[in-house]
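S.K.: We have chain A; now place chain B onto it with these hints.
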Amino acid sequence: MTDLLEVRDLTVHFDTEAGLVEAVDGVTFNVRSGEILGVVGESGSGKSVTALALLRLIRPPGRIVQGAVRFEGTDLVGLSEDEMRAVRGTRIAMVFQSPRTALNPVLTVGRQISRLFELHQGASRAEGRTRTIGMLKLVGISEPERRARQYAHQLSGGMCQRVMIAMALATSPRLLLADEPTTGLDVSIAAQILELLRDLGRRTGASILLITHDLGVVAEVCDRVAVMHAGQIVEVGAVRAIFARPLHPYTQALVRSIPRIDRDVTMEPIPGMVPSLLAPPPGCRYADRCPRVLDVCRRDRPAPRAAAPDQEVACHAAEVEDAPARG
Amino acid sequence: MGFGRYVLQRLLLVIPTLFGVTLIAFTLTYLLPGNPALVKAGALATPEHVAEIERRMGLDRPVPVQYWRYVTGLLRGDLGESSSTGRPVLEDFRQRIPATLELTLASLIVAVAIGIPFGVLSAVHRDTVLDHLSRLLGVGGVAMPSFWTGLLLLYVFFYLLGVAPAPLGRIAADVTPPTRILGLYVVDALLTANGTALVSSLHHLMLPALTLGFAVMAPLTRMVRATMLEILESDYVTAAWAAGLPRRRVIYGDALRNALIPVITLLGVIFGFLMAGNVVVEMVFAWPGLGHYAVTSLMTKDPGPIQSFVLFVAVMYVLVNLGVDLLYGLADPRIRLR
Chain A
616 MTDLLEVRDL
626 TVHFDTEAGL
636 VEAVDGVTFN
646 VRSGEILGVV
656 GESGSGKSVT
666 ALALLRLIRP
676 PGRIVQGAVR
686 FEGTDLVGLS
696 EDEMRAVRGT
706 RIAMVFQSPR
716 TALNPVLTVG
726 RQISRLFELH
736 QGASRAEGRT
746 RTIGMLKLVG
756 ISEPERRARQ
766 YAHQLSGGMC
776 QRVMIAMALA
786 TSPRLLLADE
796 PTTGLDVSIA
806 AQILELLRDL
816 GRRTGASILL
826 ITHDLGVVAE
836 VCDRVAVMHA
846 GQIVEVGAVR
856 AIFARPLHPY
866 TQALVRSIPR
876 IDRDVTMEPI
886 PGMVPSLLAP
896 PPGCRYADRC
906 PRVLDVCRRD
916 RPAPRAAAPD
926 QEVACHAAEV
936 EDAPARG
Chain B
20 MGFGRYVLQR
30 LLLVIPTLFG
40 VTLIAFTLTY
50 LLPGNPALVK
60 AGALATPEHV
70 AEIERRMGLD
80 RPVPVQYWRY
90 VTGLLRGDLG
100 ESSSTGRPVL
110 EDFRQRIPAT
120 LELTLASLIV
130 AVAIGIPFGV
140 LSAVHRDTVL
150 DHLSRLLGVG
160 GVAMPSFWTG
170 LLLLYVFFYL
180 LGVAPAPLGR
190 IAADVTPPTR
200 ILGLYVVDAL
210 LTANGTALVS
220 SLHHLMLPAL
230 TLGFAVMAPL
240 TRMVRATMLE
250 ILESDYVTAA
260 WAAGLPRRRV
270 IYGDALRNAL
280 IPVITLLGVI
290 FGFLMAGNVV
300 VEMVFAWPGL
310 GHYAVTSLMT
320 KDPGPIQSFV
330 LFVAVMYVLV
340 NLGVDLLYGL
350 ADPRIRLR
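The listed protein sequences derive, respectively, from chains A and B. Numbering of the first sequence is given in this note's numbering, commencing with residue 616 and proceeding in unit increments. Numbering of the second sequence is given in this note's numbering, commencing with residue 20 and proceeding in unit increments.
Just so you know, these hints were derived from the structure itself, not from any lab. Keep in mind the model is a prediction, meaning the values are calculated, not measured. Beta carbons are placed, not taken as given, at the ideal position from N, Cα and C, and that holds for glycine. Mixed in with the good hints, there may be bad ones.
Derived coverage of chain B by chain A (criterion: at least 3 residues anywhere in the stretch with Cβ under 8 Å from a Cβ of chain A; other residues may be distant) [unchecked claim]:
#	region
1	270–279
2	343–353
Derived, one-sided and incomplete: chain B residues facing chain A with beta-carbon distance under 10 Å [unchecked claim]:
#	residue
3	VAL129
4	ILE133
5	GLU252
6	ASP254
7	ALA258
8	ALA261
9	LEU264
10	PRO265
Same shape as in the complex, but just chain A (with noise of 0.2 Å):
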């Protein structure tokens, strides 16, 4: 599988009256063609901002400081803000975390959807009307006619993201990043905007950058794995081997933390919490947190390393066999 997007040393700064916040700091990761990766950590860790940084959303006083971000070829950090604006919503789109303030409430959600094929595709208004009534039954609404004319306080919450996936997926982009797609929606309608995704990420040839706390939903519909903590990327691999063999003291906590009840381990919650992202020590930032640190982790950042075919791992700590360090 080749590379759709190649993220090299991304790294956003925010420069608060606090102080500069480094919230993303040097992430390197790939997404491959019509691969589901995932990005999993806690809250703060950086995911968030590392999807809109891709987008070129980050806002002041948020910035770039450095990095690339190679999508299709193109390393989107140079591109114009116009030439920008022409590659969101059609080769990347995003789908948000809480679909019901992520979709303007004055609009209908049909409109919504429909001037994007206006827009992006020169459709006329009718034409623009069907293809949403057509999008709308792909992502599993019914009646969409009338469903195309509510707006989203009408609409139940797995409906509202329903619809953000319509809409993110209406001009078929290459890539769609999906921010916790499902916080807040039931159990039962999580699943199925999981598999709503999956579903449409297979048949449309997408690949899926998706952002999420919670292992299980990786474990669920993920290829592979990259993990997060405090802005930077801990581990990456695929799912079964960082599941099978999780090499960073980091995500063995994460692993071990799930909730299991087909096996009788407690729970073990992850000691400490992300530490600042303020001016941040030299060093590994899981050091202090991490059962098994060493003098140089307070000394010098972990290079990643390959430790396995598909699985690398940033830790000084970690038992990788003979691979060489990599820059």
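M.R.: Okay, now just chain B, sitting in the frame of chain A:
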């Protein structure tokens, strides 16, 4: 469906409100010091003559009866008589309301045309020179008393530059006012295709409208700025950017449309304030409106006009609030389609 009920509800609520308003208007003048019969009779009248007038005016009857006669009179369109003009108050009002309404609408247009774009620009270019400039202008508008702004504008545009007419009413003395349709000179002149009257009335309207518009612009700008700042951070605006919508469309379509909903309320308040409160500016520009009339009536303790002015202002606020509620319903589907 739901909207019809909503409208009906609002309309029904108007009835008790209006009842309360008449009660207050009546009580106010009843409590006002001075005996209107005495004013009417003149200083040299004999006590018998005053008593006779009191009897004719119904002032010797019990208060509830007086109130009843007042309300039934109102229903017949009888607002009483003005002792200073000697004409029915209704007549005087009919003459003066259009002048005030015209000035109010023109000021509102000025305030909206300047205030809203400035609010949007302030929010979009937050903390830049433009933002500071617009806020300074807003503070200036609030801080400068409108008689002062009016005089300043007159000094510059009438006295120094000579591009504005003398502050003597709504239209030049040598121009016949347009045939009355609504009583708004500009509108009537347009409707009757009367070019001369149109130019002259616009010319006379210019400075007072600018003065009042400037005075009420600031809260508008501030509110638009604050709501826009909030809305520009909202999820649906981020979603609109993420969908690749053009900048203008996101700001003026998605964001501003939502930001204008709370502004409707403010516009209602400003409208009411202008209708009732532009006394000073009417004085400065010798504008023959209601404010002018109310002040003159207060000076002469003329109960009919005062009572009616209070009633008028109150009724107008009731209607403005009704209008605001209905506009809200139209602008916000969350109210229309509950």
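S.K.: All hints are to be evaluated individually against the structure, with a verdict given for each.
M.R.: Hint check results:
1. 270–279: holds (count 3)
2. 343–353: holds (count 4)
3. VAL129: Violated. Min distance 27 Å.
4. ILE133: At about 25 Å, which exceeds the 10 Å cut-off, the nearest Cβ of chain A leaves the hint on ILE133 of chain B violated.
5. GLU252: holds (8 Å)
6. ASP254: holds (4 Å)
7. ALA258: holds (5 Å)
8. ALA261: holds (4 Å)
9. LEU264: holds (7 Å)
10. PRO265: For PRO265 of chain B, the interface hint holds, since the closest Cβ of chain A sits about 7 Å away, which is under 10 Å.
Consistency with the previously given hints fails for numbers 3, 4, ordered from lowest to highest.
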